[in-house]
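Chemist: Each protein sequence line maps, in turn, to chains C and W. Residue 367 in numbering that gives the first Met the number 0 sits at position 368 of the first sequence, and the numbers go up by one each step. Residue 257 in numbering that gives the first Met the number 0 sits at position 258 of the second sequence, and the numbers go up by one each step.
It should be emphasised that the hints constitute simulated quantities derived from the structure, not laboratory data. On a predicted model such as this, the values are computed, not experimentally measured, just so you know. Be aware that one or more of the hints could be misleading.
[Said to hold, decoys possible] As a list, the in silico SDA-like pairs of lysine to any residue whose alpha-carbon atoms are at most 25 Å apart: (1) C:Lys150 <-> C:Asp45; (2) C:Lys336 <-> W:Thr361; (3) C:Lys496 <-> W:Ala24; (4) W:Lys440 <-> C:Gly423.
Letter by letter, the chains look like this.
Protein chains: 2
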Amino acid sequence: MGATGDGRVDRMASTDRSGTTARRAEELGRIFPDPLPVAADDESLDVWGFRDSGFAINARGRVEAVGNRYAISGHELPSLLPWMEEALALPIDPAERQVSHYPPAVPPSRADAALRGALEARLGAAHVDDDDLLRLRRGHGHTQEEMYAIKQEGLPRVPDLVVAPGSTEDVAAVVDIARTHGACLIPYGGGTNVTDALRCPEDEARPIVSVDMRRMNAVEWIDPDNQMACIQAGAVGRHIAACLAAHGFILGHEPDSVEFSTMGGWIATHASGMKKNRYGNIEELLLDVEAVTAHGVVARSAVGPRESVGSEPKRWLLGSEGTLGIVTRAVVKIFPKPPSQRYGSVLFHDFESGVAFLEELTRRGDLAASVRLVDNLQFRFGQALKPASRGWRVAKSRVERFVVTRLKGFDPEQMTACTLVFEGAEDAVRDQERRTYALAKRYRGMAAGSENGKRGYELTFGIAYIRDFAMNHHILGESFETSVPWNRAVALCENVKQRIWQEHEKRQLPGQPFVTCRVTQLYDTGVCIYFYFAFHTLGVARPSEVFSEIEHAARDEILRSGGSLSHHHGVGKLRAKFLPEIMSPAALEWKRATKRAVDPDNLFGAANQGT
Amino acid sequence: MGATGDGRVDRMASTDRSGTTARRAEELGRIFPDPLPVAADDESLDVWGFRDSGFAINARGRVEAVGNRYAISGHELPSLLPWMEEALALPIDPAERQVSHYPPAVPPSRADAALRGALEARLGAAHVDDDDLLRLRRGHGHTQEEMYAIKQEGLPRVPDLVVAPGSTEDVAAVVDIARTHGACLIPYGGGTNVTDALRCPEDEARPIVSVDMRRMNAVEWIDPDNQMACIQAGAVGRHIAACLAAHGFILGHEPDSVEFSTMGGWIATHASGMKKNRYGNIEELLLDVEAVTAHGVVARSAVGPRESVGSEPKRWLLGSEGTLGIVTRAVVKIFPKPPSQRYGSVLFHDFESGVAFLEELTRRGDLAASVRLVDNLQFRFGQALKPASRGWRVAKSRVERFVVTRLKGFDPEQMTACTLVFEGAEDAVRDQERRTYALAKRYRGMAAGSENGKRGYELTFGIAYIRDFAMNHHILGESFETSVPWNRAVALCENVKQRIWQEHEKRQLPGQPFVTCRVTQLYDTGVCIYFYFAFHTLGVARPSEVFSEIEHAARDEILRSGGSLSHHHGVGKLRAKFLPEIMSPAALEWKRATKRAVDPDNLFGAANQGT
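Construct the complete structure from the given sequences, taking the supplied hints into account.
Modeler: Below, the structure is given as structure tokens:
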């Protein structure tokens with residue numbers, strides 16, 4: 000997969016675009032796209048997402064979705080605040096704000112002049128930075144604790160320098176410099192993790208260098224014949240999508256964070272995409288990966304469609320979360336843009352019948368690209384997020400509600416909704432739609448239109464901003480997820496909700512907790528369940544810590560109920576303490592021994608996964 | 000996944016069938032099948048397969064398929080010998096036999112009394128064996144070189160003892176004993192590998208203990224609700240299939256060796272099954288794996304449908320080929336027996352149009368469970384393997400040939416055949432059949448009936464016996480495989496064939512080589528190509544070595560042509576020398592460092608994969 004320094008592994012050199020020598024056989028038919036824009040300037044440092052988007056309370060005391068990027072953007076959401084008050088069983092006074100003290104004091108850089116000089120000599124001074132806000136941002140992801148901390152007390156330890164390598168060779172040089180100068184390295188992609196993966200160990204005595212991959216963001220080549228592409232680790236999802244789209248392709252990988260997260264991050268966290276039913280999760284999309292390690296550049300020459308070549312880099316690096324090396328590029332599958340894309344939705348009378356429908360749909364092997372089921376609370380939350388209706392829409396909305404609740408007998412306090420995204424050839428999509436709705440009917444499901452389905456799918460992106468908005472109003476919130484066998488799925492959801500209510504009550508916290516879930520992924524043997532949990536913290540001492548305690552209890556309940564430690568978020572430092580509950584002592588020792596063997600100086604000292 | 004010795008990892012204990020305590024939540028609805036038969040008594044030691052099956056020349060000087068297990072069994076194959084003479088461009092005198100000297104002299108066991116005593120004390124004397132023929136069989140797989148060697152000069156080194164543990168705890172005890180007594184261990188499953196994986200290093204000074212997994216062959220439980228099963232590593236494919244069938248399920252994993260190979264072997268070699276289009280390869284079927292390692296039992300507690308929990312045992316052990324530990328059990332997906340199974344076949348005018356058809360079928364995402372394409376030589380070989388027609392079948396066969404070659408204009412020297420296996424719901428199967436044949440027509444393909452398809456699929460199992468038959472007549476043969484991107488597939492096939500002809504000619508070997516290929520697996524980005532290669536060695540000095548040289552050259556040509564080192568056979572010792580061509584020095588050093596870390600005493604000293 001490119002240069003590895005010794006000339007032996009060069010069957011598939013990919014970066015030479017000079018054209019002065021004849022193309023190698025592998026390169027025939029390949030497309031070499033123009034460079035992508037470098038990400039991040041338009042992204043917020045202190046809250047999720049783009050600077051121009053978010054939620055705010057307007058002059059009329061109503062919540063408004065700011066900006067124009069999302070379907071919800073620019074709309075006033077008159078039902079939201081009243082609904083939140085109802086859901087949390089507390090009045091919310093818009094004037095009562097939890098003031099953000101961002102930026103907090105940032106610990107001074109501990110990098111010495113020698114380290115900095117060596118890095119600047121290699122990368123150029125422009126690519127070595129000790130700016131406080133930049134270092135702060137490179138030192139955290141988006142866990143509740145981290146986002147609370149940067150707005151309140153600050154972080155006790157952040158990277159001492161931020162470097163931006165431009166090539167695999169640059170990364171290799173940075174690794175050598177770190178070894179020589181006794182520094183440790185934490186790779187940075189999109190900074191969207193929710194596992195404390197970037198949080199700097201307080202007791203790390205060495206200078207910490209954040210290796211910011213944003214400059215390594217090229218789609219190096221697209222191979223349309225074989226439908227694969229070579230993409231650098233720092234390329235951001237939205238840029239990859241735009242680049243591939245210009246050539247008629249899609250990646251098919253759409254994690255909720257796809258706007259901001261990176262190729263390298265997806266590999267390191269073993270990511271999952273919303274359309275995995277059709278395109279696969281990252282482990283199915285990934286054909287090959289290159290990484291810079293303590294031993295040098297781990298790479299393969301050619302990449303086969305599927306191989307049996309013993310232990311190999313791809314399987315070592317998937318889920319490695321920055322502990323074993325820095326992913327620099329990957330070869331992944333791509334897909335022709337589907338000729339047809341249609342959204343859909345189905346209402347069910349309750350969660351159980353929705354899950355039963357999903358199970359039979361899975362057994363039939365007939366899953367739309369994306370199939371998700373929200374529980375009743377989340378369904379109602381979605382309704383509360385609807386913009387104000389105007390004109391005929393008011394009447395339409397009233398009629399719809401009448402039909403659903405009165406004529407069809409759906410109980411507003413029990414009903415759930417399934418959203419669907421069908422992709423493929425026009426006729427295949429229509430056939431699948433027909434079959435899906437026919438099956439739904441057998442579970443008393445009522446087709447609820449493509450508009451609601453589209454809205455549900457797109458809300459995933461817009462809703463990500465609400466956590467920071469809520470935090471301004473003393474509401475702390477977080478998502479977490481698991482995977483669980485089919486026959487334990489419904490019970491797990493119940494158990495986790497019950498446990499959170501118990502923990503909330505036990506602590507005599509204000510109002511009531513908001514806890515809701517959806518089934519987001521379907522597998523032959525079970526499902527992924529995605530939870531949202533929030534509560535009002537006005538008057539609560541150490542609110543962020545209390546939140547963590549309850550989230551910890553929820554994770555414990557998940558494990559007791561047969562759920563996994565994580566479906567796609569990963570372990571990081573947040574869940575490392577649970578590893579002894581899911582892996583035998585020998586497995587943990589294997590992890591540690593492997594880590595020591597491949598990174599004897601602990602250069603990749605992020606200490607994720609408890610290693 | 001069961002006991003791991005410290006009581007912490009016990010969420011999913013699976014072996015306690017006492018029923019004296021209430022079932023854990025995980026166990027509700029599970030089936031605990033009766034024990035399986037222990038394999039091997041009916042298998043040959045000196046040739047492939049069952050003792051009662053094979054090929055022989057009968058009194059009339061014709062080849063006959065002996066036995067009654069396969070469709071071809073019990074039939075005389077009058078065209079085969081004449082066709083072989085034509086294909087190899089040499090007369091074959093049935094009387095001119097290469098005499099098998101099996102059994103050869105077997106090196107005496109080097110096991111000392113202390114080692115033996117310790118093993119017997121733990122396992123019982125009945126499960127510790129130093130029988131010469133048993134030790135010989137445990138010391139090889141089915142490469143041409145090995146099979147030639149056991150019939151001619153013998154093997155210089157074989158295991159010194161063969162032990163048969165009955166449980167994970169037994170395996171752990173064997174590992175401890177090996178460490179204490181300075182022995183090394185080579186796990187043995189079905190002995191079907193073709194990578195020299197079991198070949199004992201000649202320079203291994205320690206006693207070598209073959210850990211024969213045949214007693215650990217239970218299907219421990221079947222979870223019908225979640226469609227998964229826990230199966231011990233020594234369970235053989237045919238027994239697993241029979242057990243699951245009794246409960247209405249299939250595994251869906253059908254490697255060519257499925258009659259004899261084991262669950263543990265499939266994991267260790269990263270196996271692929273013929274019906275992977277519908278059920279997936281081993282990496283997609285495998286949910287969890289338990290193994291005994293130098294650090295103890297590597298295991299997980301519960302197993303999720305899909306997880307992100309960092310580095311994990313499943314990914315370490317896939318493809319580990321016995322070098323990192325001994326796989327003891329696995330949790331895998333299972334599938335309800337498909338209501339409908341239909342075979343099919345299509346004739347194409349040439350290999351290129353067949354491949355083009357396969358590519359479009361793949362792009363449409365509409366692959367039958369198994370789709371394979373044989374080249375012209377293999378098609379003709381298949382015809383030569385037809386039993387003598389009798390009665391109306393003679394006329395039918397003549398008419399068919401007339402229609403195909405005269406009316407439809409298929410050139411007997413160019414035409415190729417695609418075999419299909421459709422599985423699923425009756426209507427889905429019929430729809431897919433219709434679509435598949437409609438598409439084939441656009442590539443000038445002619446539907447050639449389900450009987451031919453069934454024959455082609457089933458021939459896979461019967462034909463495996465022909466290599467030993469051919470060897471009796473001075474013909475050495477071997478299969479090897481690769482995977483390659485779509486747009487290089489046809490050229491790779493041509494290049495490899497041409498190279499073999501060149502190598503054959505260069506050495507002035509008798510007659511002409513037999514080299515043929517088929518496309519056996521289809522992927523989004525390319526295909527698996529499976530080659531057969533044979534030549535007549537009468538009068539050739541060192542025939543087995545010459546064969547190896549040419550096979551080595553063929554592998555070199557595969558790599559030059561953009562193919563992978565292996566699609567599913569693996570690396571073993573046979574292809575370890577090629578690893579520096581496909582992995583960077585750092586990747587190889589990572590392999591070595593990892594091996595040293597997790598097996599510091601090299602207890603799993605098979606020295607596969609060059610580690």
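Chemist: Decide, hint by hint, whether the structure agrees.
Modeler: Going through the hints against the structure:
For the hint linking C:Lys150 to C:Asp45, the alpha-carbon distance of about 7 Å falls within 25 Å, and the restraint holds. Pair hint C:Lys336 plus W:Thr361 holds up; C-alpha atoms about 16 Å apart against a cutoff of 25 Å. As the CA atoms of C:Lys496 and W:Ala24 are separated by approximately 19 Å, the hinted pair is consistent with the 25 Å bound. As the CA atoms of W:Lys440 and C:Gly423 are separated by approximately 23 Å, the hinted pair is consistent with the 25 Å bound.
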